[in-house]
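Each chain, written out:
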Amino acid sequence: MITRRTFLRGIGGVAVALPALEIMDSPRASRAAADVPGARPCRFVVMQAGVSTGADSTDDDLLVPSATGAGYEIRPALQSLEDLGVAADVSLVSGLKIPWDTGGGIPPGGRSVFYHYNTIGPQVAGTATGTERGGRPRGPTCDQLVADAIAGETPHRLLTYRVQPASYVGRNEIGGDSGCLSWRSNSDGSLDRIEPTVSPRLAFESLFTGFAPADPAEAERARRLLGRRKSILDLVHGNTERLIAKLGTGDRRRMERHFDEIRALETRLDAIPPVVGSCMLPAAPGADPAIGEAIIEYEGAGQPYSTSQGYSNEDLRADVMTDLVAMAFACDLSRVASILLTEWKCYMNMFQLAGYESDMHELTHNPNQPGVTAAVAWHVKQLARLTLKLRDRQDVDGSSLLDHTAIVLLFEGGHGYDPEGDSAVSSHSTENMVALIAGRAGGLRAGQHFIARDMHPANVVISAMNAVGVDGGLGDLDGNVSQLFG
Amino acid sequence: MRPPALALAVALAQAACTGTIADPPSAGPGGGVVNAPPLAALAATSGLRRLTIREYDDTLHDLLEDDTRPGATLLPADVRSPFDNDYTTQVASQSLIEGAELLATEAAARALADPARRARIVGCTPTSASDEGCFRSFLTTFGRRAFRRTLTAEQVDGYMTLLAFATEDNDFYAAVDAAIRAFLQDPQFLYRIEIGVPVLTMPGVYQLDDFEMASRLSYLLWGSMPNDALLDLAEEGRLSTPDEMRSAARTMLDDARARERIDRFHALWLGYEMLPHAAELSNAMALETNSLVERIVFDERRPWQDLFRSTETFANDFLAEHYGLEPPGSTTPRWISYGTSGRQGILSHGAFLSLGAKFADTSPTQRGREIRVRLLCQTIPDPPPGVDVDNPLPVTEATRCKKERLLAHTQGGCASCHSLMDPIGFGLENYDQAGQYRTTDVGEPECVIDGMGEVAGIGTFQGPAGLEDLLLESNAVNQCVVTQLYRFAVGRTTLDDTDNQLVTHLTDQLGAGDFRFDDLLLGLVGGETFGYRREGP
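One line per chain: the protein sequences are A and B, in this order.
Taking my numbering, the leading residue of the first sequence gets 1, the next gets one more, and so forth.
Taking my numbering, the leading residue of the second sequence gets 1001, the next gets one more, and so forth.
Each hint can be trusted.
Under 7 angstroms between C-beta atoms, here's a sample of chain B residues computed to sit facing chain A:
{"no.": "1", "residue": "A1092"}
{"no.": "2", "residue": "P1187"}
{"no.": "3", "residue": "E1535"}
A few chain A positions that, by computed beta-carbon distances, are all more than 10 angstroms from chain B:
{"no.": "4", "residue": "R40"}
{"no.": "5", "residue": "G104"}
{"no.": "6", "residue": "P107"}
{"no.": "7", "residue": "E153"}
{"no.": "8", "residue": "E218"}
{"no.": "9", "residue": "A219"}
{"no.": "10", "residue": "G286"}
{"no.": "11", "residue": "L316"}
{"no.": "12", "residue": "Q394"}
{"no.": "13", "residue": "G398"}
No lab work stands behind these hints, which were simulated from the structure alone.
Note that CB positions come from ideal geometry on N, CA and C, so glycine has one too.
Isolated chain A (complex conformation) (with noise of 0.2 angstroms):
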């Protein structure tokens, strides 16, 4: 079982004894089980990190075995995989790259030369960016293409997270394309940002209020009060259809965006199991750690740099979304996830998680491969908590979840070659990436370390999204990595 402990911090620390969060013969896993004929519900999770695997002006690589095949050698960057025990549970495909356009054109799913920000669309979405700064995708991300097939009747059918809530930098918000890592396509093929949820709390809030607890007098309360918020939103949904009668073209397509969303409130309220089943209630994680302010960059006056800002205790919250994760796909709340761990182009304090007096970002062009080693880590222990948290639970049929689930974990940026700069060894650059997958859905070799030459990151993405049913290819590209499925 997995300890509660890290969890409990939120709320101060006291070591309460809580119920394991197991699921049995539910009739909640059991309808589940029945949507896909034949089959165990698979689960889908793509994180994506924004920090590149290498840094400038240096060959050093901490993160890429040696050598390829089962039982791979733990570099410094996979240390949590052998610290929580599932490095045979994680395949590590490295040597991957997104092309680029060197005066041809951009190629399927390449980037214009431009690095930043021009890395995330070609991998979660396999669309090639445009010619100008700002790689958006341009088709649906992968997250919603899987929700599309195999989210089932399950009440959310897509959690968007986003850990980092932050930039650290100017006016240190995170807002607009910037903070979203999911796009979904419009029936009239214009595509919508998904603003993730960014606070533990409200995620939490979002999957579990309304479970009743087991406590009769409780559980009746707590039916009263779902009861009430229904009636609540009831009114909210009966204005708002009026209102959207009154309005003009632009706005009522507007206001209808917001109507969908209640009414897909709405629908999970009701699906909200009326008694306890055997999927219990978690803990809550109490108040989201505050939000840090951005770093000061100011050397000027002396001022040493700061070891408090540029943190929102990210490490925390990481922790609590993959646990809230893990809870829903153990309670079929939901099959889908997609986790942007870190905003591209990251400027966190590595002082709270390595002692680095820096941000990530700084640590690749101030290159401190160690530094960037420690980023690298930070995002991979992510990946290993949730593979953990899964694969320590049990799926409807008595199995790992873990069995069922495909997790993929991609970087803005592998090691080599940058062509914006003309520089050899760069941290821009989109040679030599890596990403890392886990869990045996559909017959995934896990614990391996492959190398698939110049193959595109989202040919891993294609290989977890084919491996929970979900056939053919990701916009732009087609084919899984091979070796995956061995």
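Following the hints, complete the assembly by docking chain B onto the known chain A.
Same frame as chain A, but now just chain B:
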């Protein structure tokens, strides 16, 4: 549909020549209005505007006496462009709906936890748990404030059903709690909704009703909901004419909320909303700049351009020492003279000089860009492919001084854009990114900063004072301040031809040279266009 350019020109000419005040609007057949002033043709396209996080928090404060400012943790972040209220960037999401619900639930609980506050919010004392009269009275008054317009009888009846909860719990406030939660997650609370009545002679143009005008006014001038007095004016139909709007706006400008709002407009515009220094320094700088804005705009009602001319600044010993100025001998800030320091006006403030720093130093390029984009409303294209903006220029023996390194920008294709930016920044180089004066480059005592700058096409200058004088002499900023205020007012960064015509009109109205900021505001809200909207696509 946009009116043909010729017709518009005629309309403008008429307005300009005769100062026409149109006949009062009159209802036409089919619910439209027949008469609208010619300038209504320049009405801005408007769409649903979700309250920004700041507006949400301030509205919650005014509505429920709630000062917890809970929005930032649970609502999606607002995009700065540079203002935080561009409605075209807002997309509804699950996290918005769920965040609004949780915020509503918790705000209602806080409001009802304190009996005195609860009594003020409810406005009557229930005689029983299911006191219909008191509940209806609460719904009517609170609903008008929450939705910023009088509720219809049908709407009130809808909320009356919640009284069942009071009966069930034998607690009147269970119904109040439910009602507050329902109001706070309703789109009519979360968004500013403008519909209006079609102007029959101007296809696509709508005349706003008085309640919509009240919200336009209050969110522009206060960044929050209308108060009861303003809602009363709307209810009495006394926000229908430019004169009535102007009069209401004058009253509102006397409120402390207007000061905060105009401070915020300047902070978002000029980019010092959040300062990247230790708290004591950041707070002192923000107070310094806000105090100057308030002194010029509100306390002394001097020309807005005096922001650039001020020979005094508001500092305590800490801040004065930071700048190298004579300390006032006080831990609380006072107005002190810049003396012969060479400083002058808002561009000498740390708040402004903090903008555009890069690589732990000032960036002349970034500063020049900020001046062009923010203060002159010009567009500078992004760097072309092949430019690595993420690493500092390499230092060689020949380019140990920053200015020498930046000479690389004068080569080849770089020059066309960089000549617009870098020379402006050079003129501010004697001031580091916390506004401290310096004579040499960081860590390079042999690199003496000459502080000579140029605004290409306008003239040369030295230091913030020189830049300010140059900008004022050339009258280059006036149209831009109108443009920026207009963007802030309409909640849209990208302006179209119609918008630009109105901006030009408003600028022309102010005349060349100095103007007062309150006159600009009153010209905008008291103009013939403010009460109209154009339906967006």
